[in-house]
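Given chain W's structure and the hints, the job is docking chain V onto it.
Here the protein sequences line up with chains W and V, keeping their order. Here the first sequence stands for residues 1 to 451, numbered as in full-length UniProt numbering. Here the second sequence stands for residues 1 to 259, numbered as in full-length UniProt numbering.
Rather than coming from a laboratory, the hints here were simulated on the basis of the structure. Treat each hint with caution, since some may be false.
Claimed, not checked - Derived BS3-like pairs: lysine-lysine, alpha-carbon spacing no greater than 25 Å straight-line:
#, chain 1, residue 1, chain 2, residue 2
1, W, K360, V, K156
2, W, K343, V, K185
3, W, K395, V, K188
Claimed, not checked - Footprint (simulated), chain V over chain W, 3 or more residues, beta carbon under 8 Å:
#, segment
4, 53-59
5, 95-108
As the structure is a computational prediction, the values presented were derived from the model and not from experiment. C-beta atoms are modelled at their ideal positions from N, C-alpha and C, and glycine is treated no differently.
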Amino acid sequence: MFTAADPALTDFGRDPWWIVLIKLLFAFVVGMGLTVLGVWFERRVVAYMAQRPGPNQVGPFGLLQTLMDGIKGMLKEDILPKKADKVVFFFAPTICAIFALTSLSVIPFAGKVSMFGHVTPMQVTDLPVGALVVLACSSMAVYGIVLGGWASGSTYPLLGGLRSSAQMISYEVALGLSLVAVFMTAGTMSTSGIVAAQAHGSAYTVLGVTLHAPSWYALLLIPSFLVFLVSAFGETNRAPFDLPEAESELVAGYMTEYSSIKFMLYMLAEYVAMVSMSAMITTLFLGGWRAPWPITLWSGANDGWFGLLWFFAKVTLILFLFVWVRATLPRLRYDQFMRFGWKVLLPVNLLWIVVLAGIKTMQTESMEARTKWVVIIGVVVVLGVVALLWPNSRKEPDPAVQERRAARSAGGFPVPPMDLQVPPSPRAKRAVAERRPANVPGASTPDSEEV
Amino acid sequence: MTSGVVLAAAGQMSGGELAAFWVLAPLALLGAIGMVTSRNAVHSALWLVLTMLCLGVFYVIQAGPFIGVAQVIVYTGAIMMLFLFVLMLIGRDASDSLIETLRGQRTAALILGIGFAGLVGTGVYRALKGGPEAVNFTQEATNTNVQAVAREIFTKYVFAFEATSALLITAAIGAMVLAHVERAKEDKPNQPDLMRARFRLGAGHPGAKAGPGVYATSDSVATPARLPDGTLTDASVPEIMPIRELTAAESAPKGTDEK
Chain W
1 MFTAADPALT DFGRDPWWIV LIKLLFAFVV GMGLTVLGVW FERRVVAYMA
51 QRPGPNQVGP FGLLQTLMDG IKGMLKEDIL PKKADKVVFF FAPTICAIFA
101 LTSLSVIPFA GKVSMFGHVT PMQVTDLPVG ALVVLACSSM AVYGIVLGGW
151 ASGSTYPLLG GLRSSAQMIS YEVALGLSLV AVFMTAGTMS TSGIVAAQAH
201 GSAYTVLGVT LHAPSWYALL LIPSFLVFLV SAFGETNRAP FDLPEAESEL
251 VAGYMTEYSS IKFMLYMLAE YVAMVSMSAM ITTLFLGGWR APWPITLWSG
301 ANDGWFGLLW FFAKVTLILF LFVWVRATLP RLRYDQFMRF GWKVLLPVNL
351 LWIVVLAGIK TMQTESMEAR TKWVVIIGVV VVLGVVALLW PNSRKEPDPA
401 VQERRAARSA GGFPVPPMDL QVPPSPRAKR AVAERRPANV PGASTPDSEE
451 V
Chain V
1 MTSGVVLAAA GQMSGGELAA FWVLAPLALL GAIGMVTSRN AVHSALWLVL
51 TMLCLGVFYV IQAGPFIGVA QVIVYTGAIM MLFLFVLMLI GRDASDSLIE
101 TLRGQRTAAL ILGIGFAGLV GTGVYRALKG GPEAVNFTQE ATNTNVQAVA
151 REIFTKYVFA FEATSALLIT AAIGAMVLAH VERAKEDKPN QPDLMRARFR
201 LGAGHPGAKA GPGVYATSDS VATPARLPDG TLTDASVPEI MPIRELTAAE
251 SAPKGTDEK
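Only chain W is shown next, with the shape it has when bound in the complex:
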C-alpha cells in the first residue's frame, strides 16, 4: 500500500521491458474484454429497456453470446468485391482497430501499483501531451472508415465514408476545444497529471466560510463536459449520430461490402473506440481512477489496485449512458447534425473558454478587490444591454383566415366559407335504406327508398 499514489511524468519510461509488456497486454485485454462484455451489456440493456429478455441462451445470462457471434463471424466467407482496391480494402479495417486500441495506452487505469516487487504507474505510458494522443488516434481512425468506404468500389460505402469523414472532422474540433478548458484548469496535458489535478478541489473563503470547489471537472467545467460528451457520441459514430451507417439511407454505410473477419474488425473498432472514449471522459472529467467523495472518507480508497475498481465503475457508468442514449433517441438528420456541431457546440465552446480565461485571470492576478467588482459588474451590464438590444427574431403571428381571404388575389386556392354547413352524407342514408327489414310473416314489405 502506498499513500502517494499519484504518478508524475518522470515515473514513466523506467520500467523493465517485461512490466511494459504486462501493461501493454493489460490495455489490450481491457480493450478486447470490454468490447466482448460491452456488446453483451448493450444488447441486454437495450433489451431491458424494450421489455424483452435479450441474449440469454449461451452461457450464464447469455454472457458468451458475443464470443459465439465473433467466432461465427470469423468463420464466414470473406468476400472481396470485384471493383475493390485490394490492398486498401484489406488494410482499412486494421487501421481502424489499431488506432482505437492505441489510444488506450495513455489511459491511467490506476495510480501507482506494486507489480512483482516493482512500483509502477498502472498506465502504459504518458507524455506531456498525453490527452492529445487520444485525439490524434481518433483522427487517424477516420482513415480506416474513409478508406474502407472508398476501397469497396461501391456507392453506398463511399457515401458512408465521406459522411463519416465530414462528421468526425467537425466533431473533432468541438472535442479538442472542450479539452482546452481542462488543460487550462489542470495546467497540464498529461492524462495522469489531469487525474492528479482533480484530486482535491481548491478551497475558497467566501464571507469567512471556507468552501471547497468540486474537484471533478465534470462539475467545475460543466459546459466543457457537456460539449465533450455530445462530441464523443459524434466522434464514435454512436446513436443518435450514427449517420455513416444509417441503415435506412446507406444500407450499412462504409462497411456494406465487408464480410467475415474484416467486418468483425470494424465492429471491434467501434466498440473499442466507445470504451476508450468512456475512459477518456472518466479521466478528464470524472476524476479518473480516484474514488468519488463519500468513499474517500476512508483513507485507503485510492491506494494501489483499488484505483482499477473505481475506474472501471465509472467507465461502466459512461458505457451505460452510451447505451441508454442509443435506446432512447432517434437518429438526427444529416444537415441538422452538422449545423449543431458547427453553429452550436463550437461557438458555445469558444465563448466558455473566453469566460474561463477571464475567471482565471481574475483569480491569479493581484487585482484590487474594487477593480475586480468593477470588471464583473461591467461584464454583467454589457451582457444585459446586449440582451436588451438583441434584435427580436420572433415571427409575427400568422394572419387570421378572414385577413388572408381578404388579401387573396385572383387565382388563389378556393377557401371554403367560415359558416359552411356540411350536408349529411348520402351514403349514410343508403346504409339505412338497404338494411333488409325483418321477415315477419303477415307484415307487408315497405318500399325501400332508392338512392
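Coordinates of chain V only, in the frame set by chain W:
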C-alpha cells in the same frame, strides 16, 4: 529537424532513438517515393500520410512531443483527410495525365525544386557546421515542452503568430466567398410556383403516372395499367420491356376461385 541533426552529429542518440530512426526513416523515404511514383491519386495521398506519420514520430523522439502530435492531428488527421475527401469526390479513376496544361509548368517546377533542395541543403550544412545552437526546450523551460513552445509563440513570435492566423482566416473566408453562390429568395422556386408549373397546359402529367397493372391474372411490370376510362396505357410499362400479349392459356382463369 535541425536539432535532431545536431544531436546526431554530436553522437547523443540513445539505442531506442536509433532503432526508431532506422525503422522509420526508410519508411518515410518509401512514402515520399511512393507518393511521387503512384499513378492513383488516392494511393499517392496515402503514401504521403505514411511519410507524415513517420515525421510525427521523429518529432516526438527528438523531444518535441507537442509538435509531433500536432503534426499527426492537424496535417495527417485533418488536412490530408480533406485532400482525400476531394479526391474521392472527383472519382477514383482520375489519374493525372502527362500533358502539360500550363505552359512552362515543368520548367518552373524543376527550377523551384532545385531551389528548394538548395535551401534545405544549406540549412542542413549550416546546422552540421555548428550554426545556431540547438535549444533544449525541456531543460530551458524547467516545465514541459508544451509550456516552452507556448511561451515562445506568445511572447517572442507573437506578431508572426497573429499574422499567420490572420492570413489563414483571410484565406478561409476568401475561399468561402469564392465558392459560395448567393441565391436570392425570389430566385428559388417555392411550392406554389412548382405546383403551377406542373399544372400548366402542355407540362405533361401533373400527378404520379399510372403504375403497371396488378390484376388477378397477372401482376407483371409488363402488364399495362388501365386508365380511368378503361383503355390500356403504354406509359405505365417501362420502355425496355418487350411487348407481349398473353396467350389464351395464360389469360384464362386459374381456377383458384372455384370450389
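If any of the earlier hints don't hold here, list their numbers in rising order. 4 and 5
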